[in-house]
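Trainee: Sequence:
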Amino acid sequence: MKSNLQPIKLFLMLAFSCTSLLVSQTSVVGKPTPGSSLSDAYGGLRLRSDAKTILAQATTFNKPPLPPGPPPGGRSRGGAKRGESAACPPAEPDLTALTPFTEENSVINVWGNTTVEHPNWFFYVPYTKNSDYAVEFVLQDQDSNEVYKKAIALPDKPGVIRVSLPSAAPALALNKQYRWFFTINCDKKKNSPPTFVEGVIQRVELNPATVKKLETTEPLKRYAIYAQNGIWYEALTILAELRQKNPKDATLKAEWQDLLKSISLDDIAAKPILSDKP
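The opening residue of the sequence shown carries number 38 in my numbering; numbering runs sequentially from there.
Source of the hints: derived by calculation from the structure; they are not laboratory data.
A portion of the hints provided could be inaccurate.
Below, in silico cross-link-like pairs of lysine-lysine (DSSO-like), each with a Cα-Cα straight-line distance of 30 Å or less [unchecked claim]:
1. Lys-308 <-> Lys-187
2. Lys-100 <-> Lys-187
3. Lys-298 <-> Lys-282
4. Lys-186 <-> Lys-308
5. Lys-298 <-> Lys-166
6. Lys-194 <-> Lys-227
Could you build all of it, start to finish, from the sequences and the hints given here?
Mentor: What follows is the structure, encoded as structure tokens:
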């Protein structure tokens with residue numbers, strides 16, 4: 038009887054050892070190693086699988102309510118105003134600020150929140166450097182005092198560009214509204230008005246639990262957290278950077294398009310994000 042049980046025990050021990058080894062190897066392959074890059078951790082099939090799970094948590098961007106007091110106003114698209122002659126040639130789509138906006142009773146409010154002292158703005162620019170137009174970005178405080186001004190170089194081709202508030206510029210104060218302008222002057226003699234977009238940005242603070250979560254998670258999850266909390270500028274910046282690092286990833290491309298469509302910028306959703314900062 039004992040001799041018959043020994044082969045069975047040996048077989049069971051070998052089967053258990055092989056199963057344990059297979060589980061161990063699977064765990065090592067599925068877990069990113071410390072110090073691995075974003076591309077390594079979310080490359081290929083793993084990026085598509087994890088991204089779908091994480092991005093499903095973000096759903097759509099939660100627009101924050103308008104600030105108390107007078108409405109911020111603004112202008113999300115360029116082009117000539119009613120009754121004005123345009124100096125810049127018509128473009129489709131026109132100069133566009135990648136920023137949330139609302140429109141009620143023909144009044145447009147361009148409005149977004151940030152949590153950083155030196156945020157990034159994104160604009161779709163239809164004109165190129167061959168046009169030789171004067172382009173400028175201006176940031177003002179609540180009293181219309183100039184905080185920052187920079188001449189912007191037009192890109193090599195039409196696309197989405199980024200404008201950053203440099204660390205040397207004054208930091209955005211908490212809970213203060215700042216008005217920004219992005220202007221393209223196509224008339225060197227300045228006899229005709231420029232095409233421009235403008236809006237209001239405010240730096241806000243997230244609760245400590247959310248801040249801690251942001252400090253200990255990877256970029257894709259940070260994007261989802263910012264989107265859920267209505268922090269437009271960080272959500273857009275993170276997603277733009279992820280797309281530039283993973284240009285062939287279909288999930289990130291779809292999320293970018295969905296994000297812009299959620300703020301009624303369907304025509305900008307497929308436009309390229311240009312890698313060079315102006």
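Trainee: Decide, hint by hint, whether the structure agrees.
Mentor: Results for each hint:
Distance check on the hinted pair: Lys-308 and Lys-187 sit about 24 Å apart at the alpha-carbon level, within 30 Å; holds. Distance check on the hinted pair: Lys-100 and Lys-187 sit about 29 Å apart at the alpha-carbon level, within 30 Å; holds. Of the pairs offered as hints, the one joining Lys-298 and Lys-282 holds, with about 22 Å between alpha carbons and a cut-off of 30 Å not exceeded. As the CA atoms of Lys-186 and Lys-308 are separated by approximately 26 Å, the hinted pair is consistent with the 30 Å bound.
Between the alpha carbons of Lys-298 and Lys-166 the distance comes to roughly 28 Å, so the proposed pair stays at or under 30 Å and holds. Taking the CA atoms of Lys-194 and Lys-227, the gap is near 24 Å; set against the 30 Å cutoff, the hint holds.
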